Structures are given as structure tokens and as C-alpha cells.
Amino acid sequence: MLHTVNKSSFERNSLQSCLNTIDNTSVILLIEDGVISAANNANSPMLADLASQGRVYALKGDVDARGISSKVADNIQLVDYAGFVDLVVEHGTPVSWV
Amino acid sequence: MKFSIQINEGPYQHQASDSAYQFAKAAIAAGHEIFRVFFYHDGVNNASRFTMPPQDDRNVINQWAELDIKNADGEPELVVCIAAALRRGMLDESEASKNGIEGNNIHPAFRISGLGQLIEAGIQSDRLVVFGD
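Quick mapping for you: the protein sequence lines, in order, are chains E and X.
To convert, note that position 62 of the first sequence is 62 in our numbering; the numbers rise steadily by one, no gaps.
To convert, note that position 122 of the second sequence is 122 in our numbering; the numbers rise steadily by one, no gaps.
If you are wondering where the hints come from, they were derived from the structure by calculation, not from laboratory data.
Since the model is a prediction, treat every value here as computed from it, not as a measurement.
There may be inaccurate statements among the hints.
A few chain X positions that, by computed beta-carbon distances, are all more than 10 Å from chain E [to be verified]: (1) 33; (2) 94; (3) 124.
Result set (SDA-like, lysine to any residue): computed pairs, CA atoms no more than 20 Å apart in a straight line [stated by the list, open to error]: (4) X/70 <-> X/119; (5) X/2 <-> E/86; (6) X/2 <-> E/91; (7) X/25 <-> E/79; (8) X/25 <-> E/83; (9) X/25 <-> E/86; (10) X/25 <-> E/93; (11) E/60 <-> X/25; (12) X/25 <-> E/82; (13) E/60 <-> E/90; (14) E/60 <-> X/15; (15) E/60 <-> X/18; (16) X/25 <-> E/87; (17) X/2 <-> E/90; (18) X/2 <-> E/93; (19) X/25 <-> X/68; (20) X/25 <-> X/109; (21) X/98 <-> X/83; (22) X/70 <-> X/126; (23) X/2 <-> E/1; (24) X/2 <-> X/122; (25) X/25 <-> E/78; (26) X/2 <-> E/96.
Note that beta-carbon positions come from the ideal geometry of N, C-alpha and C, so glycine has one too.
Please work from the sequences and hints to get the whole structure.
The structure is reproduced here in C-alpha cells:
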């Protein structure tokens, strides 16, 4: 299942709620302010662990707009909107954590 | 594949309407169909035909209108939740006259309808994607 997270983990705990809930086949797409959590100093060991399994994506336009392109943590995969659509096609209706 | 989109946040508030628009555009470009866009909660404000952003800014309402999402009968499939809309002073012609109010502000590319339309969108579409706060 696909989960989208659109708030920074410095603002709300939706990413942590998502991480606590998902099963081991789920993938996460960080969008809007959610991409702040993709920065390499955002310190989420759980997210880093998922990323190392290739299960974390971040929306490139939102990463670029926030000036953190050079700080994206290892193994987080950047996608554009076409990639977002493909993830929804592949994984089904997403759970939107807001 | 058939997509529907739900938007729970107004324009220029944060990013939901813009993200949803970019998503819809990318889905159409990839050959998918947008069955319906449902505007709920503060999302109903995306349907105001009186929206006048500065000239150098995008017009979120017109962007949606230009996507021109219609069904086979030619009715708009940009659907505004009636209860959420009336609460926020968003009226089409028929709701305005029903309530004895002069003027209306729903853009003609949108239509007002009930929550059943969201449920139907969920049933009829392969995917329902929610954007909002």
C-alpha cells in the first residue's frame, strides 16, 4: 500500500503515526512539507531503515522548492508527478496522512 | 485507469489544490481518465468564480476550469459538496434563488452536489486520491 505524508515531522506527528502503522510491504511518498523529513539531518531511524529497503519516495518538485535537493538522505528516491501517478497505479489508492 | 481526486483545502491556503492539479494533469498526460474531482470542507473555495489573484500569480480556479473535466452527458465533474459550500457562502444560481439570495459565485465549470457523489467516485474509480490538510 502507498502512504503519502504531506506535513513536516517538525510540525505534526503524521509521519511517525504512518511509520507506526504500516505493514512490511507498504511504501511512503513524501509530498509538500512532508519532504522536509527526507533531509539527511531529519533523524528518523525508522524512515532511514525503510529507505534502505527502497520503500521511501519524495516528490522532486517539492524537494527543490524547499532548497533541500543536496541534503536528501541516502536511498530516498525522487519522483516527479508522473512518478507519483505511477506509484498510485502500482500500489493502489493511497492513504493520505495529513 | 480511472482516477478520482478529493480536495479538502482551499486555494492559496497551503498546497493541496496545486498538488492535486499537478497530479491530475500528470494522470491525464499518462493516458488515464479523471472521473471526478470532489471539493470538500474548505476545498469548496476552489470553485469561486470571483477569485482574482494578482496577474503574476497562477489562477487556481481557472486552472481547474481549463482541465474541463466532464462526463459523457457534458456535465462538469468538478463537484462541490453542497453542505460544505452553503456553510461557506458558496452558492450556485439554483441554491441562491432557493434561499432568496441575490447573486451566485460557483464557477460554471463546477457543479454543486451531495456527498453521495464522493462515495460514487470511490466506487466507480480504480483509484481515489485525497489531498488536503
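Structure-based check of all given hints:
For residue 33 of chain X, the condition that its CB be more than 10 Å from all CB atoms of chain E holds, with the nearest at approximately 12 Å. With a least beta-carbon separation of about 32 Å from chain E, residue 94 of chain X lies farther than 10 Å from that chain, consistent with its non-interface assignment. Separation of residue 124 of chain X from chain E is adequate, the least Cβ-Cβ distance of about 13 Å exceeding the 10 Å criterion. Taking the CA atoms of residue 70 of chain X and residue 119 of chain X, the gap is near 18 Å; set against the 20 Å cutoff, the hint holds.
For a cut-off of 20 Å, the pair hint linking residue 2 of chain X to residue 86 of chain E stands: about 13 Å separates their Cα positions. Our distance criterion of 20 Å between C-alpha atoms is met by residue 2 of chain X and residue 91 of chain E, whose separation comes to about 14 Å. Distance check on the hinted pair: residue 25 of chain X and residue 79 of chain E sit about 15 Å apart at the alpha-carbon level, within 20 Å; holds. A C-alpha spacing of about 12 Å is found between residue 25 of chain X and residue 83 of chain E, which places the hinted pair at or below 20 Å, so the restraint holds.
Simply put, residue 25 of chain X and residue 86 of chain E have alpha-carbon atoms about 13 Å apart, close enough for the 20 Å limit, and the pair holds. Taking the CA atoms of residue 25 of chain X and residue 93 of chain E, the gap is near 18 Å; set against the 20 Å cutoff, the hint holds. For the hint pairing residue 60 of chain E with residue 25 of chain X, the CA-to-CA distance comes to about 16 Å; that is within 20 Å, so the pair holds. Annotation: proposed proximity of residue 25 of chain X to residue 82 of chain E holds, straight-line Cα distance about 9 Å (limit 20 Å).
Note on residue 60 of chain E and residue 90 of chain E: the hinted pairing holds, with a Cα-Cα distance of about 19 Å set against a maximum of 20 Å. Only pairs whose Cα atoms come within 20 Å are accepted, and residue 60 of chain E paired with residue 15 of chain X is accepted, the gap being roughly 15 Å. Between the alpha carbons of residue 60 of chain E and residue 18 of chain X the distance comes to roughly 15 Å, so the proposed pair stays at or under 20 Å and holds. At most 20 Å may separate the alpha-carbon atoms for a hinted pair to count; residue 25 of chain X and residue 87 of chain E meet this at roughly 15 Å.
Taken as a hint, the residue 2 of chain X and residue 90 of chain E pair is honoured in the structure, with Cα atoms around 13 Å apart against an allowance of 20 Å. With a CA separation close to 11 Å, the supplied pair residue 2 of chain X and residue 93 of chain E stays within the 20 Å bound. Of the pairs offered as hints, the one joining residue 25 of chain X and residue 68 of chain X holds, with about 11 Å between alpha carbons and a cut-off of 20 Å not exceeded. Of the pairs offered as hints, the one joining residue 25 of chain X and residue 109 of chain X holds, with about 16 Å between alpha carbons and a cut-off of 20 Å not exceeded.
Restraint check: the Cα-Cα separation between residue 98 of chain X and residue 83 of chain X comes to about 14 Å, which is no more than 20 Å; the hinted pair holds. For the hint linking residue 70 of chain X to residue 126 of chain X, the alpha-carbon distance of about 18 Å falls within 20 Å, and the restraint holds. Our distance criterion of 20 Å between C-alpha atoms is met by residue 2 of chain X and residue 1 of chain E, whose separation comes to about 18 Å. A threshold of 20 Å between alpha carbons decides the hint, and for residue 2 of chain X with residue 122 of chain X the separation of about 10 Å falls inside it, so the pair holds.
At roughly 19 Å between alpha-carbon atoms, residue 25 of chain X and residue 78 of chain E fall within 20 Å of each other, so this suggested pair holds. Pair hint residue 2 of chain X plus residue 96 of chain E holds up; C-alpha atoms about 18 Å apart against a cutoff of 20 Å.
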